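> The lines below spell out each chain.
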Amino acid sequence: MILTKAQYEEIAQCLVSVPPTRQSLRKLKQRFPSQSQATLLSIFSQEYQKHIKRTHGKHHTSEAIESYYQRYLNGVVKNGAAPVLLDLANEVDYAPSLMARLILERFLQEHEETAPSKSVINSMLRDPSQIPDGVLANQVYQCIVNDCCYGPLVDCIKHAIGHEHEVLLRDLLLEKNLSFLDEDQLRAKGYDKTPDFILQVPVAVEGHIIHWIESKASFGDECSHHAYLHDQFWSYWNRDGISQCCSGWCGTPGLSDSSASASQSAGITGVRKHFLPGILMKCVCK
Amino acid sequence: MAAVLESLLREEVSVAAVVRWIARSTRGSEVTALTRPQDNPGEAAALSSLRPLRKEFVPFLLNFLREQSSRVLPQGPPTPAKAPGASAALPGRPGGPSRGSRGARSQLFPPTEAPSTAAEAPLARRGGRRRGPGPARERGGRGLEEGVSGENLPGAGGRRLRGSGSPSRPSLTLSDPPNLSNLEEFPPVGSVPPGPTGTKPSRRINPTPVSEERSLSKPKTCFTSPPINCVPNSQPSALDTSPWGLGLPPGCRSLQEEREMLRKERSKQLQQSPTPTCPTPELGSPLPSRAGSLTDEPADPARVSSRQRLELVALVYSSCIAENLVPNLFLELFFVFQLLTARRMVTAKNSDPELSPGVLDSLESPLFQSIHDCVFFAVQVLECHFQVLSNLDKGTLKLLAENERLLCFSPALQGRLRAAYEGSVAKVSLAMPPSAQAVSFQPETDNRANFSSDRAFHTFKKQRDVFYEVLREWEDHHEEPGWDFEKGLGSRIRAMMGQLSAACSHSHFVRLFQKQLLQMCQSPGGAGGTVLGEAPDVLSMLGADKLGRLWRLQERLMAPQSSGGPCPPPTFPGCQGFFRDFILSASSFQFNQHLMDSLSLKIRELNGLALPQHEPSDEDGESDVDWQGERRQFAVVLLSLRLLAKFLGFVAFLPYRGPEPPPTGELQDSILALRSQVPPVLDVRTLLQRGLQARRAVLTVPWLVEFLSFADHVVPLLDYYRDIFILLLRLHRSLVLSQESEAKMCFLNKLLLLAVLGWLFQIPTVPEDLFFLEEGPSDAFEVDTVAPEHGLDAAPVVDQQLLYTCCPYIGELRKLLALWVSGSTGRSGGFMRKITPTTTTGLGAQPSGTSQGLQARLAHAFFHNQPPSLRRTVEFVAERIGSNCVKHIKATLVADLVRQAESLLQEQLVTQGEEGGDPAQLLEILCSQLCPHGAQALALGREFCQRKSPGAVRALLPEETPAAVLSSAENIAVGLATEKACAWLSANITALIRREVKAAVSRTLRAQGPEPAARGERRGCSRACEHHAPLPSHLISEIKDVLSLAVGPRDPDEGVSPEHLEQLLGQLGQTLRCRQFLCPPAEQHLAKCSVDLASLLVADQIPILGPPAQYRLERGQARRLLHMLLSLWKEDFQGPVPLQLLLSPRNVGLLADTRPREWDLLLFLLRELVEKGLMGRMEIEACLGSLHQAQWPGDFAEELATLSNLFLAEPHLPEPQLRTCELVQPNRGTVLAQS
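Which chain is which? The protein sequence lines are A and B, in order. If you count the first sequence from 1, position 1 lands on 1 in the numbering used here, and the numbers rise without skipping. If you count the second sequence from 1, position 446 lands on 732 in the numbering used here, and the numbers rise without skipping.
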């Protein structure tokens, strides 16, 4: 399925300072019934991440942390069962999971004197039962399950999607009888940075020669095209010579035209997988 | 200058400040730089007052060191003619100005020391290179000896000893000039009569006048001269009193002569005595016999005087070297090696009356007061340059590592050197060329169609014949003592040239000439070494074993004579001499012009050749094999370029070189004006600039240096060439070895450039002041990087073999060390290995006597008669098959071994328990078991090549190839491929196995991971699975939605239907049964989410869609869902499920919020857990027990206690009874809880 740039921009438009909650996603779905939830979620997630990246700093000043913590304490004293932390995060326009981490860190600092290590915090976020304070545990848990853009559960979903799509891609390649080397084989050959698959015999899709395929399993917006091009694709390019990057996400023709560097990848929409496996199939088959 | 050194020694300024100070002067940014913050103001002030002297500091330092060491290295007298400015610049020295350097020098070399002053020390002899601008003119005086043409006129006497015009050495010319080149008339070295040779050097750096060599008709004179300080000299130093101030370098010439004599003597001995015991006797024996008193002084670190001072000077000196402030890195190393191997101190120093004992000035007292000081100083400097040392060839490293003085003064350095030696693979061979080979007839150019007439074609063919006749005659005779090129061949050559009337005939002949030149001189050893290094060419590979041994032997017999000190003049070794003499004898300007055209064209072509660029990142065992080929190709191109450029330079500057001194004053100006109009024969400036821009300096600069080395005296003064020199100087300065800039240039590439540039700066025609006076180029050397990211410079194209081939003078270092060893052999038992002959015949330099040599020549002849494509094909096949063979072995044998290693490892782990022991130890055990199997690789490889090569050759050659040719080609290909593969395998197989096994071990250990039990039973989906299950990511996302609904906050109309929950759990089951898309982290999260879901079910916290009154899950539905979960946990999850979380305070706490509280589901769940064996009773009890410790509301704690009592009270009954019990009292828990 191909999204036009206009459609994409319309969606992105709706996402300006919307909290990353179930409710927002539901509204989005009602607004764009023709798009799959996965596509919407992916766009949502990316837009939100961009937003957080921009505003991250202001939540991490010590004054901000202190004031959040005090507000949390006051709120909990009033009513421990109310979604204090979640409301706080939504109010200040910050991701609930990240807010939970912030408060947890602050809490541990106060109660344990030594600054808690990152791994301790991470494991507490994964399993809030480990948090010594029951009320905080519930608050943190609430934040995590209500956050659809950050948090351990979301990370796991992303990871799972990545893995699944790699498997799907492999199946497709096998089905199409294309000979390829996968990442493990490439690593065994001594490559340090590898795409997911290198085609042993290049193929042409819509007039573009494809040497390797990298599965990104996320919506290919302009920004990620640029970023990935920069971080990964050029290094493959250098390594594997004339590689054509075919990061076929559900990048849109309109979208890709907007940036010269992305045009090549978006022109090959479909060899790449994207959020919807069904779409992937369709694109690859055409 | 001295003031600087003194203030340094007095610790007024730091070493770093001084080095900054010097370096800055050469960069010209003085004013601002002086006030840079890192300079201590005091230091800056102290130094700034000396600013004008800055540029003279380095020359001063070098001269100072040479002078100081003169007593130790008697063969190297101190600086003869210092810059006037330099001596005046000793403000702090009371007697400074009055003490002319002459006085000091003559005191250092009183006649009584004669026996110990060896004459052969070009290095130290050059001590006084730096002179003021004034003396620079005088230098020209030497130039007259460099003329070529004069001596090459027919009859002018090629053997005449040159330089008769030099007034400074009358005694020499009078004594017996002709004898010097006459082998028979000269007595062995040991008995060399006192001659005029023990003279003083004129410059620090230039040992020998160049063109004398060039002008000799006998090529061999050029490149043979013994190494230096080893040859003690019994000549009285009568000449020491000869006028220093003349500015003429008497030493050079006499030096030359002595070398000549030595070389002849040695070669005579070689020829006369077939007993090839070793070269040692010649080198070593004179020592004791002649200079019995000259025993080596042992050096003792404990007896070093003024350590600190030495350390300081060593540090400054090292820093100057490291910053490339000295002209020639290897020259300085040579000097340091000389100090290291100094044998004995001359003790007569106190005869200097001017050295008043009261003066404590740090410069007044000698720096080196004893041999201990010298060695200490040398070791200090060497420590700073370990990196360079470790990149020398293996032989040098070995000698260094075995040097007992080094061991005694710095065991640490010795240890590092030993390690470097053991790790080094840089075996360098400087074998001599095999027999020459004629260029085969070239049908594409040498045919009638390319000639204007039949007659011209016929003439060309006849000339060809004459040319080869001349060549063969030269080959046969040129080593005979009395033979003279001009006398023997000159008239025939000129007659032949006379027949070349048409211009096109000239060009044809020139093409032949050039091809022959390349063929003879560039291919193995023509220029004094084998080109092909580790991967020798076809011929050397055939039967490489014994042939190689013979060549090594030959090399050891020949090598010591093969170069002339650390800075030899440009020469035409070996076959090159023929071509040089041919050009001179022909003396045809048409020929020269055509030759220059042709050489220029070829140089441009080769210089622009796109050489394969190396990808630095995929280095691998296999690509190593391939990479050798590329390195080899680079070596071939580079050596060809150097050869062509040398001849181009020779021919191009031939008309301008003459015996008369370079002009001065107005005459010079007019010559300059004239010459500056002449366009350069080849636009080398542009080529150099482009080369630098494209990061191909490693290719361009070495040949350019060859070209420039033949320039005449006027050339460096021309603007055009001055630009080139300035570019080269900046390049030289920018090549700081210690700067690790892999991306920019490889270490050995830098070393090569430094070596050739350093050599160029020592050529007499290059003005001595050029290097130090260079003030103009202010900024650091910057190349506009329009260049590709990886230029040739960044690729490791240079290896030690190529380095030593291009710069044979680096080998002098090794000889110096070897001489030290041989000198001390008599005493200490010796390190010198004797060559043990295996046969008594055929030990001559010719390997041809052996059948393998014959075989090689046969193969060569075979290829010669076949089209060139045949040879290319065979080499190509051999190359590919060899490489494939390695890959095949890797994929079969090595992979098998790795599998064995894995199973062995499993056994180990089983027997040793979970810990398994130290991984490194495990690896050792495995490797010791497996590596011996690597030996099979050779047999397998041989078999592989045997099997594969013939087919490939057959497929690639034309169908019509005669059977005999085909089978020969096949055999050669098999041999070469086997050779190549086996060479690689035998060198690397053990390392390869080790590496692979190591990777496998770490893989296995990692996979073993923290929970070895969890992994064993992981299973895939069933055979029938079609992978249509929902994706794990989708499920996690769905369950997360339910959880978030349950945890809230939620809108009033939100909720889930019981059907949806059931469906969800059903899907979860499907997903878990289809493992296709499931990765461990996803499964872990699914497990955890399912536990959370169960807790919410138990606490009845899930909002249910439906009539508002209901809003809660029915008991029965809840139980059904819990049953589904239980069975998922039991049957479908393959990873651990965190069931204990069900009883975590947080999840149990959920119950506290429900009103009325219902405990029956929890009790039910607990029972089922136990029944299904998912949790043990004890475990649950423990969890319940810990629950009591948490803070609960009063009533909740009570109910909890009741629940746990109830659970504990249940008898440990087998399942059926439990179930009945449950049926009978379905709501017991609830009742209890509510009571």
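It is possible that part of the hints are untrue.
Capping the alpha-carbon separation at 25 Å, the derived lysine-lysine pairs in PhoX-like fashion look like this [unchecked claim]:
#1 Lys1374/B <-> Lys158/A
#2 Lys118/A <-> Lys29/A
#3 Lys5/A <-> Lys78/A
#4 Lys680/B <-> Lys747/B
#5 Lys118/A <-> Lys1374/B
#6 Lys1284/B <-> Lys1176/B
Examples of chain A residues toward chain B, derived with CB under 7 Å [unchecked claim]:
#7 Leu25
#8 Leu28
#9 Ser129
#10 Pro132
#11 Val135
#12 Ala137
#13 Asn146
#14 Leu153
#15 Cys156
#16 Ile157
#17 His159
#18 His163
#19 Glu164
In silico negatives: residues of chain A with every beta carbon more than 10 Å from chain B [as the list claims (entries may be wrong)]:
#20 Arg54
#21 Asp93
#22 Asp171
#23 Glu175
These aren't lab readings, by the way, just hints derived from the structure by calculation. What you are looking at is a predicted structure, and each value in this text was computed from that prediction instead of being measured. Cβ coordinates follow ideal geometry from the N, Cα and C atoms, glycine included.
> Decide, hint by hint, whether the structure agrees.
Each hint, compared with the structure:
1. Between Lys1374/B and Lys158/A the alpha-carbon distance is near 17 Å, which keeps this suggested pair within the 25 Å criterion.
2. Taking the CA atoms of Lys118/A and Lys29/A, the gap is near 36 Å; set against the 25 Å cutoff, the hint is violated.
3. At most 25 Å may separate the alpha-carbon atoms for a hinted pair to count; Lys5/A and Lys78/A exceed this at roughly 48 Å.
4. Pair hint Lys680/B plus Lys747/B does not hold up; C-alpha atoms about 48 Å apart against a cutoff of 25 Å.
5. Simply put, Lys118/A and Lys1374/B have alpha-carbon atoms about 21 Å apart, close enough for the 25 Å limit, and the pair holds.
6. A threshold of 25 Å between alpha carbons decides the hint, and for Lys1284/B with Lys1176/B the separation of about 15 Å falls inside it, so the pair holds.
7. Hint status for Leu25/A: violated, given a least beta-carbon distance of 9 Å to chain B, over 7 Å.
8. Given the 7 Å rule on beta carbons, the hint for Leu28/A is violated: about 14 Å separates it from the nearest Cβ of chain B.
9. With its C-beta approaching chain B no nearer than about 4 Å, Ser129/A sits inside the 7 Å limit, and its interface hint holds.
10. Checking Pro132/A against chain B: minimum C-beta separation of about 10 Å lies over 7 Å; hint violated.
11. Contact between Val135/A and chain B, as hinted, is not supported at the beta carbon level, the nearest pair being about 10 Å apart and thus beyond 7 Å.
12. With 7 Å as the threshold, the beta carbon of Ala137/A comes within range of chain B, its nearest partner Cβ sitting at about 5 Å, so the hint holds.
13. Taking 7 Å as the C-beta contact cut-off toward chain B, the hint placing Asn146/A at the interface holds, the least distance being around 5 Å.
14. The interface hint given for Leu153/A is met, as the beta carbon of that residue sits about 5 Å from the closest beta carbon of chain B, less than 7 Å.
15. Using the Cβ-Cβ criterion of 7 Å, the hint placing Cys156/A at the interface with chain B is satisfied: the shortest such distance is roughly 4 Å.
16. At a threshold of 7 Å, the smallest CB-CB gap from Ile157/A to chain B is about 5 Å, leaving the interface hint in force.
17. Residue-level restraint check for His159/A holds (minimum Cβ-Cβ distance to chain B is 6 Å; threshold 7 Å).
18. Checking His163/A against chain B by beta carbon gives a least distance of about 4 Å; that is within 7 Å, so the hint holds.
19. For Glu164/A, the suggested interface contact is upheld, since its CB lies about 4 Å from the closest CB of chain B, less than 7 Å.
20. Listed as a non-interface residue, Arg54/A keeps its Cβ farther than 10 Å from every Cβ of chain B; the least gap is roughly 26 Å.
21. Interface exclusion of Asp93/A from chain B stands, the closest Cβ pair being 17 Å apart, more than 10 Å.
22. At roughly 8 Å, the least C-beta separation between Asp171/A and chain B is not larger than 10 Å, which violates its mark as non-interface.
23. Every CB of chain B lies more than 10 Å from the CB of Glu175/A, the least distance being 12 Å, so the non-interface label holds.
Taken one by one, the earlier hints fail for this structure at numbers 2, 3, 4, 7, 8, 10, 11, 22, listed in ascending order.
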